[in-house]
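Keeping their order, the protein sequence lines are chains A and B. Numbering-wise (the numbering used here), the first sequence opens with residue 511 and increments by one. Numbering-wise (the numbering used here), the second sequence opens with residue 2 and increments by one.
Mixed in with the good hints there might be a few duds.
Stated by the list, open to error - Each computed DSS-like pair below joins lysine-lysine, with the alpha-carbon atoms no more than 30 Å apart:
(1) K644(A) to K234(B)
(2) K234(B) to K133(B)
(3) K644(A) to K202(B)
(4) K72(B) to K518(A)
Hints were generated in silico from the structure; no laboratory data involved.
Listed below, chain by chain, are the residues.
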Amino acid sequence: MQSFLKRKVLAVQDFVYLFAYSFRNLVSPPRYYADMLVQMDVIGVGSLPIVLLTGFFTGAVLALQSYRSLARFGEVALTGQVVALSVVLELGPVLTAIVVAGRNSSGIASEIGSMLVSEQIDALRAMGTDPQRKLVAPRFFATLLTLPLLTVLADFIALLGGYLIAFSTAHLSSKEYWVPAYQSLGPHDVVQGLLKPFVFAVIISLVGCYFGLRTTGGTEGVGRATTEAVVVAVVLIFVLDFFITRFLIGIGFA
Amino acid sequence: MMVPPAEEPFSKRDQMSTPAIEMRHVSLAFDEKPVIDDVSFQVPPGGTLILLGATGSGKSLLLKLILGLLKPDRGEILIEGQDIVPLPETALNAIRKRMGIVFQEGALFDSLPVYENVSYRLREDGERDEAKIEARVREVLGFVEMEHAIDKMPAELSGGMRRRVAIARAIASAPSIMLYDSPTAGLDPITAQTINVLIIKLRDLQGVTSVVVTHRLQDTVVLTNFVYSAERKALVPAFTDGGPRRRGPVLFQIMREGRVAFQGTQEELARAADPSLQRFVA
Ligand SMILES: Nc1ncnc2c1ncn2[C@@H]1O[C@H](COP(=O)(O)OP(=O)(O)OP(=O)(O)O)[C@@H](O)[C@H]1O
Ligand SMILES: [Mg+2]
């Protein structure tokens, strides 16, 4: 039991180091900009289609359910508002993060893990490269920059999906959907919705790097690291989402 | 330094020059299990150390210790006279510039083509002149006869080709010490021989200090008994009258479960009484 706790504490410590080093590596050279651009392409552009697709259908099904529930109370006009608040505060950030975690926490863990077991990371160090700078920092900052952008796009396309349903099924006009949707969103809501992706980006990238870097046991170990990375990232996203929300409400922000 | 015609006994080796590589009482344990246990040895400049031993006996770990990729629990590791054990990673990088390593499986960067693999170290060391980089890449790829593969990805190469590109990558920055981890393992005898020729060529033409891990008896025979003749562009037997001389001695070290089971020259190994060592004798 004690050794179990010790291992967990050490894991958190390693994770904090990864986080701290990433920032140190931002302020001092050498920086690997080319790698960061590649990672932005892999993580940002690569996730775009699937993020848009899930965003669209999330918005659509949300509008469908909201409309049917609201119709019971004769409040169909609130559909736009319900969709907008749910998407911007919760579903947009969380579902985007989950999708990107599924794609990229696993991708990062398996790429770094296979580099580790095939001694490519030793080769980097042997040639004078710090793997933290070369591998972790570019993935960290690429995720930090692209996830908020992906979230904004997902939010938007979800609202659009909601609108198509509201228009076709609930027979709301454009004005009856978009105006309440727009007006319901206060600045606090937008800030909350945009704060979350930054936190989730830290989780997605560093959990992937962490499990990749501690891969043991050859190719089989890479598979294990990949699975663990996705599971831990997804669980952490849900848990942290709750605590961020609770915290923001607590300080009277939301 | 005069090169002796035949090997001097290991113990009496003259101490005129600082060893290129030296370990003094180095020990390392993983999870309290000792994997390197009180290992000491010296390799003079231009010399060859042949590391033998069963799988898991600690040969690869010794190479990683020499590079400073791992820190020992105890002992000193001196590279050209400087103890690298207390050095931080940034200071180690300066020392690593003098060393090249060929990993057991090559460890080429999968995501980069051969050209970028071989030029990696040059860029990392701050070379920006692309013409210079390309000239050097072509030169070292020519040395290992792999120029034709310059634009290929590592996944498109055969095992022997990967090994040769790995050698090219390691020598691109002209290191004075080369570490080879089982460079011939899993190769057919002819390809293995071309790798041995490369190792000997680097050693004898450029005076590179070499540490070679191997499981193959054939490699030890070639590395010990042949030298590279620049005129004939081929290997010739060592110790022939008037023929080219090896610059440094060839030493053998046999590892057993992290300990040194034998250390000495080829002749000393042949005379060694321990029957378990006889399988390493040609
Ligand atoms: N990172 C590690 N963690 C724990 N144990 C390790 C680690 N690396 C190596 N070992 C152990 O150290 C011992 C020596 O390993 P090493 O890789 O040096 O063997 P080797 O002599 O190179 O074997 P081979 O000929 O198979 O390559 C082995 O028992 C191995 O299990
Ligand atoms: Mg080995």
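Going through the hints against the structure:
For a cut-off of 30 Å, the pair hint linking K644(A) to K234(B) is broken: about 41 Å separates their Cα positions. For a cut-off of 30 Å, the pair hint linking K234(B) to K133(B) stands: about 27 Å separates their Cα positions. About 34 Å separates the Cα atoms of K644(A) and K202(B), which puts this hinted pair outside 30 Å; it is violated. Our distance criterion of 30 Å between C-alpha atoms is met by K72(B) and K518(A), whose separation comes to about 25 Å.
Hint compliance for this structure: hints 1, 3 are not met, and every other hint is.
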